[in-house]
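Enquirer: If you read the sequences in order, they're chains P and B. Heads up: the first sequence is residues 0 to 352, going by numbering that gives the first Met the number 0. Heads up: the second sequence is residues 0 to 352, going by numbering that gives the first Met the number 0.
Calculated directly from the structure, the hints in this document are not laboratory data. One should not assume that every hint holds.
To be verified - Straight-line distance between alpha carbons at most 27 Å, and here's what the computed BS3-like set of lysine-lysine pairs gives:
#, chain 1, residue 1, chain 2, residue 2
1, B, LYS22, P, LYS114
2, P, LYS329, B, LYS344
3, P, LYS217, B, LYS39
4, P, LYS22, B, LYS257
5, P, LYS39, B, LYS172
6, B, LYS266, B, LYS344
7, P, LYS215, B, LYS329
8, B, LYS114, P, LYS22
9, B, LYS215, P, LYS22
10, B, LYS319, B, LYS266
11, B, LYS344, P, LYS172
12, P, LYS215, B, LYS22
13, B, LYS22, P, LYS22
Number of protein chains: 2
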Amino acid sequence: MKTRYGILALLLAGAAAGQKQSKPLVLAEQGSFFVGGENKTLPAPPPPASPRPGGPPAFPGGDITINQMYVEYQIPVNGSRHVPVVMVHGCCLSSKTWETTPDGRLGWNEYFVRKDRPVYLADQVSRARSGFDPSTFNAVKAGTIPPSELPNVLDASHQAAWAIFRFGPTYGKAFPDEQFPVDAADELYKQMIPDLNAVLPMPSPTWTNMAALAVKLKGAILIGHSESGFFPEQAAMIDPAGVKGIVSIEMPCVTTLKPAELSTLAKIPILVMFGDHLGDIEGPFNFWPGAFDSCNTFVKQVSDAGGDAQMMSLPKMGIKGNSHMLMQDKNNLQLADLILAWIDKHVEKKATR
Amino acid sequence: MKTRYGILALLLAGAAAGQKQSKPLVLAEQGSFFVGGENKTLPAPPPPASPRPGGPPAFPGGDITINQMYVEYQIPVNGSRHVPVVMVHGCCLSSKTWETTPDGRLGWNEYFVRKDRPVYLADQVSRARSGFDPSTFNAVKAGTIPPSELPNVLDASHQAAWAIFRFGPTYGKAFPDEQFPVDAADELYKQMIPDLNAVLPMPSPTWTNMAALAVKLKGAILIGHSESGFFPEQAAMIDPAGVKGIVSIEMPCVTTLKPAELSTLAKIPILVMFGDHLGDIEGPFNFWPGAFDSCNTFVKQVSDAGGDAQMMSLPKMGIKGNSHMLMQDKNNLQLADLILAWIDKHVEKKATR
């Protein structure tokens, strides 16, 4: 009997703490596909200096596909009741951002699915499974263009991440109320991969593909973070047809939009979120107060144009200690609930929970 | 009434054809994590020639993590009854290989899960969400090493893929009995991304990480394909402790293993699979007959050492027209069933189906 009651108590405790992982995840459908992509004809690359044994021979040039965007999705059984959500990661990261947290907790991707939302994760163009255009690298190796024309490959160091992601005032020292699971910082560092956005044309194919994805989904909420924080707005300014809502998390905002652009954005509900300790970072990465100010200005501009834009400053709501990585912080599901409630009210126009 | 019977007929037809997608997918658990990874200290990279507006400032060097391997997994509710399966993709591809096929059908990843197998997909080290070491690129850009020291970035063209993947004898012309969905070849080309394996040390960290993953899972079956086809064997030769079975698909085999290495592999059930039209490709990529021969030699060497190794040549079994991309061919689920039956019999030692 003791064992049986013990299991019951465990189940109840799990339910109380919202540990939904103990319940099976039931999906109507999952899969992956690409959005966008175009043909590029390449000259033959130079042969490798030392071919790998058993490896393929040098490839004789030809056509490659560039600027495509990899998207994976999961649709819960009650997914048709809700507007799909598209999540796009930030600098030097991939869609891993939204999955299992560095310390092994539930990520936003699965949490949103468990809340009946169809979820689409996109790897930015030129990153991770979306690939990148390698032609410049091979042209420099072949000597046809100078090394100075190599794109800058951005790779954030552990030290830069500690500061930019606001884990603490100096490297290795966390804020006393820090919400990021700093003991698992090494697992975050493994998520950080080279960023080749410098090879991309403007407007970024990621923006164009995000707009096209929203149209393909017959309406979607676009969520961006950090480097991609303003991408939902950029996508909507390219084609607003599918963009039913925007969630912009922790980035600098553009404050020089034209009236016609603001008018487009004023037709879409917009939520901007910022965490804590914006002004508490020492050293060269102390740009968060400026980013926050720019977004307050942007929110006011959209509101003045008649839009439904909202700045959600977590510390002003009494939620303290959040880092730049809201989706990985220890209170990540509480923050997800704030977004879900905002979507219900502002995008899906349902009664407040 | 006509409509009701029509739907019933459709449901029955779907069930008969094994279109399990119409049934919800029930998972006990899913998530992602990294295996391996090590610290590397970098000099400061050069500042970007034209910083992006709103982008982060140049990063001042520091430590980065390299050689980590991204792994995502899904465990079905009855998953504990079976040995986990690890799938590793080939050259110029990512784990997308195993997901939704280019023409939108069920991939092996979900099919294996629906057959109660825990499935782990790994992006090779230096590819996709595993990232890569960018330091050589930035050193060449900074002028500290010459352009000739740039690694070769391998990017297979559409033309090379058509030949190497054996879609037809010449580009754009398919074999009459071709099993690859060539009408959707453009969607495969979007999966093809730059391959930076040339930056990796030897033994490849992917091999080491695959062996470590098998240990972490307390036993796993390793599946490799093409470039990674022999990776399961390489992993087992590094540490056989977790490797309960090996499936090697379409690659050249190493035929110069030492007796001790063959002895290690002889303790692990090994399945080698090859498709059709091995000798029917014109041009520089006609290396499949040699690869097939090398694997027949390898299988004989393992068998002579007392092992359970098997060559499964699909055309010799009467299954015709398969390309190099067995997991994406039109009969991909039939081929998956062959692997599942082999696992049941040779790895899990269950009665034949």
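Enquirer: Now tell me if each hint is right for this structure.
Expert: Results of checking the hints against the structure:
Distance hint between LYS22 (chain B) and LYS114 (chain P) is fulfilled; the C-alpha atoms sit about 20 Å from each other, no more than 27 Å. Straight-line distance between C-alpha atoms of LYS329 (chain P) and LYS344 (chain B) comes to about 45 Å, which puts the hinted pair past the 27 Å bound. Annotation: proposed proximity of LYS217 (chain P) to LYS39 (chain B) is violated, straight-line Cα distance about 45 Å (limit 27 Å). Only pairs whose Cα atoms come within 27 Å are accepted, and LYS22 (chain P) paired with LYS257 (chain B) is rejected, the gap being roughly 49 Å.
For the hint linking LYS39 (chain P) to LYS172 (chain B), the alpha-carbon distance of about 21 Å falls within 27 Å, and the restraint holds. In summary, the hint linking LYS266 (chain B) to LYS344 (chain B) is supported, as the alpha carbons are separated by about 15 Å, within the 27 Å threshold. The hinted pair formed by LYS215 (chain P) and LYS329 (chain B) meets the criterion: a straight-line CA distance of about 25 Å does not exceed 27 Å. A threshold of 27 Å between alpha carbons decides the hint, and for LYS114 (chain B) with LYS22 (chain P) the separation of about 20 Å falls inside it, so the pair holds.
Between LYS215 (chain B) and LYS22 (chain P) the CA atoms are separated by roughly 24 Å; this keeps the pair inside 27 Å, and the hint holds. Annotation: proposed proximity of LYS319 (chain B) to LYS266 (chain B) is violated, straight-line Cα distance about 32 Å (limit 27 Å). Distance check on the hinted pair: LYS344 (chain B) and LYS172 (chain P) sit about 54 Å apart at the alpha-carbon level, beyond 27 Å; violated. About 24 Å separates the Cα atoms of LYS215 (chain P) and LYS22 (chain B), which keeps this hinted pair within 27 Å; it holds.
A threshold of 27 Å between alpha carbons decides the hint, and for LYS22 (chain B) with LYS22 (chain P) the separation of about 18 Å falls inside it, so the pair holds.
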